Amino acid sequence: MSRISRNVSITFLISFLTFCIYNAVFAQDYIVGEGDVLKITVYDHDDLTTITRVSGEGSITFPLLGEVSVKGLTLPQISQKIASLLSDGYIVNPQVSIFIQEFRSKKAFIIGEVNKPGLYVLPGQTTLLSLLSEAGGLTKNA
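Residue numbers (this note's numbering): 38 to 179.
Derived from the structure by calculation, the hints contain no laboratory data. Note that the coordinates shown come from a computational prediction; the quantities given were computed from them, not determined experimentally. A hint or two may mislead.
Ranges of calculated distance between the beta carbons of each label pair, as one might list FRET restraints [unchecked claim]: (1) Ile88 x Ser170: 23 to 31 Å; (2) Ile148 x Ser106: 34 to 42 Å; (3) Ser167 x Gln117: 34 to 42 Å; (4) Asp83 x Asp125: 15 to 23 Å; (5) Pro113 x Glu71: 15 to 23 Å; (6) Tyr127 x Lys153: 48 to 56 Å; (7) Ala179 x Tyr127: 55 to 63 Å; (8) Lys177 x His82: 56 to 64 Å; (9) His82 x Asn178: 51 to 59 Å; (10) Asp84 x Gln117: 17 to 25 Å; (11) Tyr80 x Leu175: 31 to 39 Å.
Here are the simulated DSBU-like pairs of lysine-lysine, each with C-alpha atoms no more than 30 Å apart in a straight line [to be verified]: (12) Lys177 x Lys118; (13) Lys153 x Lys118; (14) Lys108 x Lys144; (15) Lys143 x Lys153; (16) Lys144 x Lys76; (17) Lys144 x Lys177; (18) Lys108 x Lys153; (19) Lys76 x Lys108; (20) Lys143 x Lys177.
Each residue gets a CB set at the ideal place from its N, CA and C atoms; glycine is no exception.
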């Protein structure tokens, strides 16, 4: 394989993985799903700060509220839902922030000039370097 082809293959692989990871991490329309770990904070109410995992049924447990269904919702929608529930007799005008602390596992195909191309699981915050390592590293031709 020519040097130009190798460089194009590596550039394509890195661009594809960066695109996949970027979209998963930064999309405002990311729909929360089973296995995601959320950090929920309520401004000026540190006792309500919670780290919780989304259950298989699509719900979380939150102080004062108990079980809250978040299935099919985005982060802004969940924030609004919790704020609405808290304002119903608990807190006046609650300001709720939600961050994804750990993403549910995703899958990606690694192809091109790697020793073990194939389907790989991307748990949590997988880095490109760890993914390439799991794929056996780059071939001599890369």
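Q: For the pair we were handed, Lys144 and Lys177, check the Cα-Cα distance against 30 Å.
A: Satisfied, since the Cα-Cα distance of roughly 26 Å is no more than 30 Å.
Q: With 34 to 42 Å as the target window, see if Ser167 and Gln117 comply at their CB atoms.
A: 35 Å, holds
Q. Quick one, are Lys144 and Lys76 close enough, alpha carbons at most 30 Å?
A. Answer holds: Lys144 to Lys76 is near 23 Å, not above 30 Å.
Q) So the hint says 48 to 56 Å: do the beta-carbon atoms of Tyr127 and Lys153 match that? A) 52 Å, holds
(Q) Need the status of pair Lys76, Lys108: alpha-carbon distance at most 30 Å? (A) Satisfied, since the Cα-Cα distance of roughly 16 Å is no more than 30 Å.
Q.
Between the alpha carbons of Lys177 and Lys118, is the straight-line distance 30 Å or under?
A. 53 Å, violated
Q. Is the Cα-Cα distance between Lys143 and Lys177 30 Å or less?
A. Measuring from Cα to Cα gives roughly 28 Å; hence the hint holds.
Q) Is the hinted range of 34 to 42 Å satisfied by the C-beta distance from Ile148 to Ser106? A) 38 Å, holds
Q. For the pair Tyr80 and Leu175, does the Cβ-Cβ distance stay inside 31 to 39 Å?
A. 47 Å, violated
Q) Given the hinted pair Lys108 and Lys153, is their alpha-carbon gap at most 30 Å? A) 36 Å, violated
Q | CB-CB spacing for Ser170 and Ile88 relative to the 23 to 31 Å hint | A | 28 Å, holds
Q: Please work out if Lys108 and Lys144 have their alpha carbons no farther apart than 30 Å.
A: 21 Å, holds
Violated hints for the displayed structure, listed by number in ascending order: 11, 12, 13, 18.
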